Amino acid sequence: MKKNVYLTLFFLFCCVFSSLSLENKELKVLRWAADAESNAPYIFQDPKIPSNIIGFEVDIVNAIAEVLGVQTKFVQNQWDGLIPGLYRGDYDIAINGLEITEDRKKEVNFTIPYYITYEQLVVMKGVTDINSLSDLVGRKVGALKNSLAERILRAKGGINVLTYEGEVNAFVDMKNGRIEAVLVDAPIAIYYTAVNPEFEMVGQPIGEVTYGIALRKEDTVLLQELNYAIDIIQRNGKLREILDSWNLWNYMMETYLDDYSPTNVPPKKYQYFVESVSKKSKFLERIELYYKFLPVFFEAALITLGLSILAMFLAIVAGLIIALLRIYGGKILSWLAVAYIEIIRGTPLLIQLYLIFYALPSIGIKLSPFLAAILGLGLNYAAYEAEVYRSGFFAIPKGQMEAAISLGMTKFQAVRYVILPQAIRIVIPPVTNDFISLLKDSSLVSVITMIELTKVYNQIASAYYDYLGTGIITAILYLLLGLPFIRIARYFEKRLAVEYRTSKVKQ
Amino acid sequence: MQEKQFFVIRLDAENLLFFLVKQEKKVNFKFLLNQCTKLNEVILEVKNLSKKKENLLILKDISFSVQKGELVSIIGRSGCGKTTLLRCINCLEIFETGYLRVSDIEIKRNNNHSKHNSLKHEENDFKIKSQKIRQKVGMLFQTLNLFPHLTVLENLILAPIVVKKEPREQAIEKAKVLLEKVGLKGYESRYPHQLSGGQSQRVAIARALALNPEIMLYDEPTSALDPELVGEVLNVMRDLDEEGMTQIVVTHAMNFARSASDFVIYMEDGEIIEIGPPDKIFDNPSDPRTEAYVRLFRE
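Quick note, the sequences are listed as chains A and B, same order. Going by my numbering, the first residue of the first sequence is number 1, and it counts up by one from there. Going by my numbering, the first residue of the second sequence is number 1001, and it counts up by one from there.
Bear in mind the hints are in silico, worked out from the structure with no lab data behind them. Just so you know, these numbers come straight off a predicted model, no measurement behind them. A portion of the hints provided could be inaccurate.
FRET-style restraints, in silico, Cβ to Cβ [to be verified]: (1) A:T410 to B:K1120: 16 to 24 Å; (2) A:A395 to B:P1227: 28 to 36 Å; (3) B:H1121 to A:L350: 47 to 55 Å; (4) B:Q1170 to A:L350: 56 to 64 Å.
Once the Cα atoms are required to be at most 16 Å apart in a straight line, the calculated EDC-like pairs of lysine to aspartate or glutamate come out as [stated by the list, open to error]: (5) B:K1068 to B:E1041; (6) A:K398 to B:E1093; (7) B:K1053 to B:E1096; (8) A:K411 to B:E1093; (9) B:K1132 to B:E1093; (10) A:K238 to A:E254; (11) B:K1127 to A:E402; (12) A:K140 to A:E107; (13) B:K1176 to B:E1154.
Just so you know, even glycine gets a beta-carbon here, dropped at the ideal spot from N, CA and C.
Pulled out of the complex, with its shape left as it was, chain A reads as follows (with noise of 0.2 Å):
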């Protein structure tokens, strides 16, 4: 038992010194990053391969790559995090649909355009009285948040605006009918219809979005390269190339590269997408689809589970001591896991991984992902075992303690031999409770990089436009991973109680 307790703290020194280890600055790799959630055509998963990442700007960034004569690195990154990952040193570029605003000009250095397109507006088919913005005064329209559609519809004056976290959503409140209309990137649109037919592409272009690289202030001499390389697949008609098969080459890129030959590419890549995403509806397709699904699902609920048995583990070691302390830890410690207690319950875990991830680098400690949503989750689940632990003490009677006393043991050895173990057989139920919950919230994990389970089905769900489905996948993994440990822990309480048990049955 205490060998395994030394191993264990013994893997989990190895992975702080293992993640603390210092990264080559050398740029031999380009690592760069993007939300895989963020949908076709940006970057998404392969439809016949999904472990693949595959968008317009994965052949971009290889394109980039190629000129510059180095390798490329894909690092998966909340959409939100894109640009605070940038500081923490994670990955070089960021690159994803990430518009040149003025505001985000302040905190980080843009390449040229590499892409530029507009906004367009979508509505269910058969709607003929909109055709431009002017048709949508006084009605609810949908808008991705943060983003120009947004600012477009605003400036406008009159629109009842709606703002989403994804396009689907918004789609899907179209069709069922709580907003009218859609107003998002072209390329989102264009894709998006494709494969749903009940939506179409109204009216003119709306206003111009212009897609650029961002990388960190500081590396100016990266920027000159990825300009000089931009420039490069620019004039020898590699961009064009690409975005030709991604059927994304429009009017507005004709006048920025000034090349208005016609397509002689075919959109091979677009006709790929739009084929294996529509072809889903047969039920035995849909099957096999998910079948292909599986390996990506099992290897993202392992990790899911890993990091929940870590973090249970943290949590419970440390909810220990700070309960131990709270209780007979004397005025200042016993102060201190309250403030501890109080604070970590008072605030949202999710502020607290944003912090552990992003704050703590700025202070020197960076951490890896994975250890850092283990910290996470693990001293935030620590607070709640603390006060589990609390009223399983309370729970023994106070004459167990005096009798441990007046046996001549300290107060550690009274609390070590006979307090803990009773108390460990009250909190068994609530613990399993907690780990349950824990394996839950772990899915908050992916908004510090880290791809488990719940972010591997948004990314599989929303590559598909399927979140039924793959839903219905995910919910039955958690459902498994949960299972066996509430049979565990339903099988040590029956031991534990063994004693109680028989003395009930003998009375």
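Given the coordinates of chain A, assemble chain B onto it according to the supplied hints.
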């Protein structure tokens, strides 16, 4: 020689002579005299002990002493401070002023300290000494508080192993002997919940004895028990008395106090009203307050 001496002290004077004669040793009178004075040794001494609880004086100037091998009963109405006194002897409660000696460990306390520093020093001193005292004093409580997660045997060996660092085998060996002594041979692997109240208290006595205490304290050991179970616990105490164990009992079992005690202490409102042999306390008390109390039990 050391060993034998130890064994000898455990016997009363009569048995001692018998033992020495049986061993066919030359009777060394100097040694014998030495042993006899040891038998009369005062093992517990309480002088001018006072205790406050929230500005209420709950023990007032308590003084008495107990000799080795005596059985002392403390009687009195509920709330008169007898339990608190017992707990003070075991240092489960801190007293403000007074002197306490258990065997060779002395605690002197004086509340009127001018400097905070010396007070802190004294608290530490008290902590260390109370730890030592508790190892010499076994205590049995009113409530049944065997450790419910451990078997009877584990209850008995826990403290010897943890506190006295005895080897497990030796502790088990001794525990079995003690269980037999309290009449519970064969109950080793039972859990406390499988025992009756009387059995629980007997195991608790054995648990305390496992630490080889010099004094046993009992806080109303039978008051939580069904009437028919009281006898078995009191009998164990009688047996211990015959073996020469020093025992102090807070009790409402007047018959026991009367028949088994060497002397009886009557307390009222935190004060000792009268100390005397049981016959005197119960039949012919000198204080009217004692008279009023014992009259309740005469019918």
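Here is how each hint holds up against the structure:
no.	hint	verdict
1	A:T410 to B:K1120: 16 to 24 Å	19 Å, holds
2	A:A395 to B:P1227: 28 to 36 Å	31 Å, holds
3	B:H1121 to A:L350: 47 to 55 Å	50 Å, holds
4	B:Q1170 to A:L350: 56 to 64 Å	57 Å, holds
5	B:K1068 to B:E1041	6 Å, holds
6	A:K398 to B:E1093	14 Å, holds
7	B:K1053 to B:E1096	10 Å, holds
8	A:K411 to B:E1093	15 Å, holds
9	B:K1132 to B:E1093	15 Å, holds
10	A:K238 to A:E254	14 Å, holds
11	B:K1127 to A:E402	15 Å, holds
12	A:K140 to A:E107	33 Å, violated
13	B:K1176 to B:E1154	11 Å, holds
Taken one by one, the earlier hints fail for this structure only at number 12.
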